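Novice: Residue numbers (this note's numbering), protein chains in the order written: chain A, 1 to 124; chain B, 1 to 124; chain C, 1 to 124; chain D, 1 to 124.
Hints in this document: simulated from the structure, not taken from any laboratory.
The model shown is predicted, which means the values in this text are computed figures rather than measured ones.
Hints should not be assumed to be uniformly reliable.
Since the list gives no way to pick out one identical chain from another, each pair is judged satisfied if it fits inside one copy or across any two copies.
With a straight-line cut-off of 20 angstroms between C-alpha atoms, the simulated EDC-like cross-links for lysine to aspartate or glutamate are [what the hints assert, rightly or not]:
#, residue 1, residue 2
1, K78, D18
2, K54, E122
3, K78, E27
4, K54, E121
5, K103, D18
6, K113, E94
7, K113, E77
8, K103, E118
9, K54, E27
10, K113, D18
11, K103, E77
12, K78, E22
13, K113, D5
14, K103, E40
15, K54, D84
16, K78, E40
17, K78, E110
4 protein chains.
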Amino acid sequence: MFQLDLTSHRSIYQQVVDNFKELIMTEALPAGSRLPSVRELSRLLSVNPNTVQKAYRELERAGFVHTASGRGTFVSEKTKILPDPARIETLRQEIRSAYSALKYSGLSPEEAKAIVLEIIEEEG
Amino acid sequence: MFQLDLTSHRSIYQQVVDNFKELIMTEALPAGSRLPSVRELSRLLSVNPNTVQKAYRELERAGFVHTASGRGTFVSEKTKILPDPARIETLRQEIRSAYSALKYSGLSPEEAKAIVLEIIEEEG
Amino acid sequence: MFQLDLTSHRSIYQQVVDNFKELIMTEALPAGSRLPSVRELSRLLSVNPNTVQKAYRELERAGFVHTASGRGTFVSEKTKILPDPARIETLRQEIRSAYSALKYSGLSPEEAKAIVLEIIEEEG
Amino acid sequence: MFQLDLTSHRSIYQQVVDNFKELIMTEALPAGSRLPSVRELSRLLSVNPNTVQKAYRELERAGFVHTASGRGTFVSEKTKILPDPARIETLRQEIRSAYSALKYSGLSPEEAKAIVLEIIEEEG
DNA sequence: GTGGTCTAGACCACT
DNA sequence: GTGGTCTAGACCACA
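Model the full assembly from the supplied sequences, consistent with the hints where possible.
Specialist: Below, the structure written as structure tokens:
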């Protein structure tokens, strides 16, 4: 499915969340398709089922999937997501803050800009 | 001196570090000038002295300042400042993550891009 | 602080969430005030710290509180909450569905209405 | 017959139960009429036969239908239908919880009330 | 001290 | 089988 980087400082459940977001946004996992069960994925990744469940719960909160006890976890239709101004403002500030920190981490302003533009390119 | 955002999930010591980096890079604090003492700053910001201490250690480690026992902490010459790859990678991932979230907050990819580009414009 | 109903079918963490929502909405816990620490509350209620933390996480997600590692969990300003149309539509359908079920659970339509109106009265 | 919402967190068997209760109370299914067989309905709804079976058992327990082995499941006379206090309490709490959430979605109390009253109007 | 993450393993309702 | 909840207890970074 995907690989975890156990040496990373990013938490395991966050890596699982991000990997699935990527798979869903690229439609490698199309709407309606079923994610591996909590137990199945926990075996595949050799992590605790609770960790996988935490990731799935976060994905549901973010509107990427919906879960049904006894049936499984499924990719949601994209159409359900509507803009939430408060959430967007929070994200805007996070980016602004990180970008500001980047510019003053020993990089030239041009290098800082380049990093952000690169992210935009990659992510599309 | 500067403001902390106590509601942010960025740690306080990291905010202190980033603020000083910015002040030093912009030469608002020129080379050779003295930083507030740990006690003084901890009072000003209403945070634990340990937190300020940790920030100063990090600034010294990164080459922004040097401390002289009993006299204080001083801004180093610019030449010593080198980028910290780990810190930059962390910031890159924060931006990537927030940008990704932005695209899945109901915004079109174009709107998401526009928000980021706007930030770059404002911040310079 | 408040009592749990261990005989209830509502999960413990959900009860904790609802109790705090009530305390915050009535301003018994004003904006900026600190919630008990995870460990403290878990001792008070005789439940596992993880259960309390799950509740606190949910409260943060809903915008009622903000947490800061090493400092605590604090009641957020109300002003941060903006309407999210998708969320509201979901809730509207939940109520519609439950109300419909109520009307066909052996109650007269008048009794069903009375129950809902009573909830509105209680909750204000 | 009726539609299921597979993305809902309400369990499937409960949705089947509620739909039949509605059909029976409104006499869309008059007393004496025959419900689809378990197999037939499970095919129609694309759900597990066990799930339909459980719903039918619940309907019988609540007095809405009676089963005659080998012949099928039939709608009972209305007089047998009694309210189920536990089910009603569950629904009451669902409504209370959703209503409470509504008030903390950025709506004014008046707007929240208006939404609920509108549902009551529509549903009668 | 604080919250955050994780493991190990249990029990439950639902499919 | 599925997801959901909970306990017990560990380790971490941060204040």
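Novice: If a hint holds in the structure, say so; if it doesn't, say that too.
Specialist: Status of each hint after checking the structure:
Taking the closest pair of Cα atoms, K78 and D18 come within 20 angstroms of each other only inside a single copy of the chain (16 angstroms); across copies the shortest separation is 29 angstroms, beyond that limit. Proximity of K54 and E122 under a CA criterion of 20 angstroms is satisfied in neither setting, with 27 angstroms inside one chain copy and 34 angstroms between copies. Only within a single protomer do K78 and E27 lie at most 20 angstroms apart by alpha-carbon distance; the minimum there is 9 angstroms, versus 37 angstroms between protomers. For the homomeric pair K54 and E121, neither the shortest alpha-carbon distance inside one copy (30 angstroms) nor that between copies (36 angstroms) is at most 20 angstroms.
With identical chains, the CA atoms of K103 and D18 are at most 20 angstroms apart between copies only, with a shortest distance of 10 angstroms across copies and 25 angstroms within one. Taking identical chains as interchangeable, the C-alpha atoms of K113 and E94 lie at most 20 angstroms apart whether they share a chain (16 angstroms) or sit on different chains (15 angstroms). Proximity of K113 and E77 under a CA criterion of 20 angstroms is satisfied in neither setting, with 34 angstroms inside one chain copy and 23 angstroms between copies. Taking the shortest Cα distances, K103 and E118 sit within 20 angstroms of each other both inside one copy (15 angstroms) and across copies (16 angstroms).
Taking the shortest Cα distances, K54 and E27 never come within 20 angstroms of each other, neither inside one copy (22 angstroms) nor across copies (31 angstroms). Taking identical chains as interchangeable, the C-alpha atoms of K113 and D18 lie at most 20 angstroms apart only when they sit on different chains, with a minimum of 17 angstroms there against 24 angstroms within one chain. Proximity of K103 to E77 under the C-alpha cut-off of 20 angstroms is restricted to the inter-copy arrangement: shortest distance 15 angstroms between copies versus 38 angstroms within a copy. Taking identical chains as interchangeable, the C-alpha atoms of K78 and E22 lie at most 20 angstroms apart only when both belong to the same chain, with a minimum of 13 angstroms there against 32 angstroms between chains.
Taking identical chains as interchangeable, the C-alpha atoms of K113 and D5 are never at most 20 angstroms apart, the minima being 26 angstroms within one chain and 24 angstroms between chains. Taking identical chains as interchangeable, the C-alpha atoms of K103 and E40 are never at most 20 angstroms apart, the minima being 43 angstroms within one chain and 27 angstroms between chains. In this homomeric assembly, K54 and D84 come within 20 angstroms of each other (Cα to Cα) only inside a single copy, at 17 angstroms, whereas the closest approach across copies is 23 angstroms. Taking identical chains as interchangeable, the C-alpha atoms of K78 and E40 are never at most 20 angstroms apart, the minima being 25 angstroms within one chain and 33 angstroms between chains.
Taking the shortest Cα distances, K78 and E110 sit within 20 angstroms of each other only across copies (17 angstroms), while inside one copy they are farther apart (36 angstroms).
Of the hints listed earlier, those the structure fails to meet are numbers 2, 4, 7, 9, 13, 14, 16, in rising order.
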